[in-house]
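S.K.: Chains as they are written, first to last, in my numbering: chain H, 1 to 529; chain S, 1001 to 1324; chain Y, 2001 to 2348.
Don't read these hints as lab results, they were simulated from the structure.
The beta carbon of each residue, even a glycine, is placed where N, CA and C say it ideally should be.
Hints should not be assumed to be uniformly reliable.
Unchecked claim - Quick list of the computed label-pair ranges, beta carbon to beta carbon: (1) Arg2238(Y) / Lys108(H): 11 to 21 Å; (2) Gln2314(Y) / Asn1270(S): 39 to 49 Å; (3) Ala1033(S) / Arg371(H): 31 to 41 Å; (4) Asp128(H) / Glu2183(Y): 42 to 52 Å; (5) Ala348(H) / Leu1125(S): 21 to 31 Å; (6) Arg105(H) / Gly2117(Y): 41 to 51 Å; (7) Asn1270(S) / Gly112(H): 56 to 66 Å; (8) Phe1042(S) / Gln2314(Y): 53 to 63 Å; (9) Asp2227(Y) / Gly60(H): 53 to 63 Å; (10) Glu76(H) / Ile2268(Y): 27 to 37 Å; (11) Lys394(H) / Tyr1026(S): 22 to 32 Å; (12) Ala1117(S) / Arg275(H): 50 to 60 Å.
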Amino acid sequence: MAATVLEARSVSKRFPGVVALDDVSFSLRAGETHALVGENGAGKSTLIKVLTGVYQSDGGEIRVAGEPVRFARPFEAQQAGISTIYQEVNLVPLMSVARNIFLGREPKNRFGLIDFTRMNRETTELLDGFGVRVDPKRPLHTLGIGTQQMVALARAVSVQAQVVIMDEPTSSLEPREVETLFRVIENLRSQGIAVLYVSHRMDELYRICDRVTVLRDGRHIHTGDLADLDRMRLVSMMLGRDLAEVRREGLTSFDTAGHDVARTPVLTATGLDRRHQLHGISIELYGGEVLGLGGLLGSGRSETAKALTGALPLDGGEITVDGKRIGRPTPAAAIRAGISMLPEDRKAEGIIPQLSVRENIVLAAMPRLSRAGIVSRDRQDRIVSIFMERLRIKASSPEQKVGELSGGNQQKVLLARWLCLEPKVLLLDEPTRGIDVGAKAEVQSLIDDLAREGLAVLLISSDIEELIEGADRIVVLRGGAVAGELAGDEVEESRLLEVLADHTPTAEPADHTPETGRKAPVAGQEDPR
Amino acid sequence: MTTQATLPRPAKPLARLRDPAWYQEYGVYAAVAVVLLFNALFTEHFMTADNLRTQLVQVAPIVIVALGMALVIGTEGIDLSVGSTMALAAALLPLYLGYGLVPALLIALLAGAVVGAINGTLVSLVGLQPIVATLALFVGGRGLALVMADGQLKQIVNPDILALGTGSFLGIPLVVLIAGVLALAVAFLVQRTTFGRQIVAIGGNRPAAALSGLPVKRVLIGVYILCGTMAALAGILATARLTASDPSSLGTLMELSAITAVVVGGTPLNGGSIRVLGTVAGALLMQLLRATLVKHDLPDSTAQIAQAAIIIAAVYVARERRSR
Amino acid sequence: MKNTTPAAPAPQVPAPLKNAPSRPEPRPERSTGSRIGELLQRQGVLAVLLTVILIASFVYPTFASVDNARGVTVQASFLAIVALGMTLVIITGGIDLSVGSVFALGGVLAAWASQWGFLAALLVPLVVCGAIGLVNGLLIARANMAPFIVTLATLLAARGMLLAFTDEGATTYLVPKDSAFAELGQGSVWGFGYPILIALVLFGAGGLLLQRTSFGQTLFAVGGSSDAATLMGLPVARTKILVYALSGLLAGLAGALNAARLSSGVTIVGVGMELDAISAVVIGGTLLIGGAGSISGTLWGVLLLAVIQNLINQIGSLNSSYQSVVSGGFLIVVVVAQRYLARSRRTT
């Protein structure tokens, strides 16, 4: 058996009011790829942060190569050979690629000053190994998000680590980049480096991981060889649900029956255009249907939703609701026309953490609930109590601050904010991302109910199962344009993957010639024409 | 995973004293009470109607400016130009008194509104950072005031203006009355009007407010106009009390006093919450503290160092807890 | 665990990474327009400065004289040294409002200590002002308090210390005539005062520090994304503490030099100097949100402010109040122009 390189023994971590890790033990062996799985809130991120010195554990100990250690800062963990890439790119956007990769360990010349020539050269060599060809002097923020993640990966791997921790590394990668990542992992494995791999994507886990550790509600549930565990068993362990129940109900809470769809579209968007982002997108949305909007990251899904609500200025295109054209789309105009959007990033674009549940719910409806600019508490309270009850929002009172609620309840508050406007069209951008299983199920059945009541729902989701089980029809985007539409029996996994993964063959030859590969346009990707 | 449950409020009074949230909430009132108590016990002629009236009259302009500043800080902004705006109002007042009291007052207030509109436009439409946007008028505003006044101090003899500075109604000095009414009006604005709640929402999360269809730009410009107008009003009242227009020194360092009052009053600098009453108490605390030190023959230097210590203490209490 | 060893590394040899498919990056062609925009944004202040100097030289012959140039640059050197520290602080996304007071305090301490000779006159202000900067840094980095408000408090505290030290401003300490310390402020090499030379050397060193050392890179990283810098294992707190200490140190040094030049510790200097320094830094193209900026830009910004002041003095008919009107106007024009240039670059 390979030596244990990193070990957690009975580690606990408490936050005010929450036990995030409760007596968790697990170990990582040299050369293995170890999956760490669990639902949101299971404690994965906390465990990683304890292992990398971002948090300090309240109990238990961490051992590196058998020696007990205590990391006060991420720097110390890195010194001990533990390197991490995070789900969100944690690099400095304004600095160049090379500076990012070598931050804190820049090559010096004999005067002790940074040797930029060497730094840029080494960056190019290093990135070549990852199949990424970029000018090392380019500011990081000018690169695509996937490339940025590859730069982060290059930085993490290039520090001579013994352990590389990857937290959802593929969430912003394209299929080809995922392949590169897997090759990198193989390479690390052959060098005896241990990889701790966190991901929700089952097929990835089964492809590259040797062992798996399951966490649930901050507790250690299981560690063992992945090959001995079938998918359903793994999922039922993560969810803490009975295996038979999972089999019977599927993985989502959508009703399997379809909806009664109206004949005429509520929302019609034609030829939505925005430089570099959207290219002639046309969409029709009918009352009573859930339209899925699929596509990989960067395909223009969120941009389309934002364009429909007027939050993203357009260069061309027209949006009509019930036959009436929205003149100059702004969020206020869209709301007046009956379009509501639940944004993707709940924290950054959704909740106002310091304000109460009540105020967050009535935020958009405030002018309607006021007389002569003076707010009416009575009207507010009435609306708020209706929605808190209907969406089963768990808060100590309507006056509790939203920042203190769980992710799922925050999401429900946001849904209430939009539903109390009585919209005709509801755009949902990743409505179940980052919320716990229970809330996820509730949100999913709510979407069903809303469609049944005649609302037109646009559902954006990276979760393939959610998209397939939830939507009546799916429009797939690629490179900011509509790539295909699935309706009826076509709404199933293999067909969706086919459309999602479609790469125009013309791009292939360019890829294999290193010299021209650098300048080749990517068909259907960056180049609209 | 950090947001599962709330901290239960400590019930025991002793435990409460160890809870930083309590200090943030009530610390400033407690401090005012402590200072008053100290003076009642140890300072002669402090708790007299005359002295308290003097203190209130002196703090009134600061309170008025601080109220406007609190609104701006509530949007995650800052307005460095308030002192210069006061000077501008003071410089304009004697120039237009020839047309009568009301036109002169209106012109002075209008100047404040214009300064605010420029600040607001630079912040909301151009997208400058509030510090930079208002820094320009901080530098230029006083210069403009001096240019208009020809760098001179002008005596003001208009009896109506002087009455504004020294008159009283039901025994309460007019200046104090105006500040008090404004405090109530701003409190009402913040708590009960759509505009007020929109200010707080924009300060709390601007992208979210924009996506919710709130008129972000209009609200921001409105807030800076309010702040500028209130600064101009403070400039008028201070001029009336001085019985002279002194654009070279009126309102210098006022931006610091106002920011101090707001911060000591418990309004966080990163927006999303406005404490109107706290702001008034913050201004009062600094004023009483200075007065106390003066009455005990402690020099100005000590007063400044004490002020610094209080600011640090207030912010230390209100600071974001590092790891949640 | 006890049972089977995990599957050995996959039997097949890992694919050579060299042949991994490359990810072609979108390379928006950059129009000449955007290049000019970039150049303008980077060196715009220098262009404005040169234009103003050129025009002024033609219109006011007295402006172009060597004497006047010496006078302007000596005057500017004190603000320049303060603004140098401010630039570094602003690059980390912070701000230091205390520099004006610290500048004044440094001057008074230097004048007071000059009775014990050259070294004391330099060291005393440096130690005290460096310590004030250190306190700023500790409160900001360790206690996690907002830089704006912490340095606002030390602005008051330093001014209070100055008053306490000078009997409420009543005492003015004098630098002994013809002492080595007075020479430091008044002497010159080839007609250039020592303060100018010191400022230039400091700017050279500051440029190297910022661009060519790990510390400088960390400043940019902290300003660009403090969280990312922490997760990358950079010494974020230590860097912040150091940068505020450095700013205090430089402000104290500038104050000491100013006292040497004036032969006395004037108590009323430095009021509002922090805002002048911030103006110069911002005009010089450093972003107030942190993460980007340059030392050279700050130098041009300081000189631009100094030249404006000098020009208004040259135009005898104008009262000196116009100076702040013009400076304020310049500040607006420059930052608005920067804003639009940055915006147009982003969209092209």
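S.K.: All hints, please: hold or fail.
M.R.: Each hint tested on the structure:
For the pair Arg2238(Y) and Lys108(H), the supplied restraint of 11 to 21 Å holds, since their beta-carbon distance comes to about 19 Å. Hint check: Gln2314(Y) to Asn1270(S), Cβ distance near 45 Å, so the stated range 39 to 49 Å holds. Evaluation of the 31 to 41 Å hint for Ala1033(S) and Arg371(H) yields a pass: the beta carbon distance comes to about 38 Å. At roughly 59 Å, the beta carbons of Asp128(H) and Glu2183(Y) sit outside the given window of 42 to 52 Å.
Look at Ala348(H) against Leu1125(S): about 22 Å separates their beta carbons, and that is inside 21 to 31 Å. Here the CB-CB span from Arg105(H) to Gly2117(Y) is close to 44 Å, well matched to the stated 41 to 51 Å. One distance hint, 56 to 66 Å for the beta-carbon pair Asn1270(S) and Gly112(H), is violated here, with the actual separation near 39 Å. At roughly 58 Å, the beta carbons of Phe1042(S) and Gln2314(Y) sit within the given window of 53 to 63 Å.
Our hint of 53 to 63 Å for Asp2227(Y) and Gly60(H) is violated, since their Cβ atoms are close to 26 Å apart. Checked against the hint of 27 to 37 Å, the C-beta distance between Glu76(H) and Ile2268(Y) comes to roughly 49 Å, which is inconsistent with it. Range check, Lys394(H) to Tyr1026(S): Cβ separation about 29 Å, and the 22 to 32 Å hint holds. Ala1117(S) and Arg275(H) have their C-beta atoms about 33 Å apart, which leaves the hinted 50 to 60 Å range violated.
Checked against the numbered hints given earlier, the structure breaks hints 4, 7, 9, 10, 12 and satisfies all the rest.
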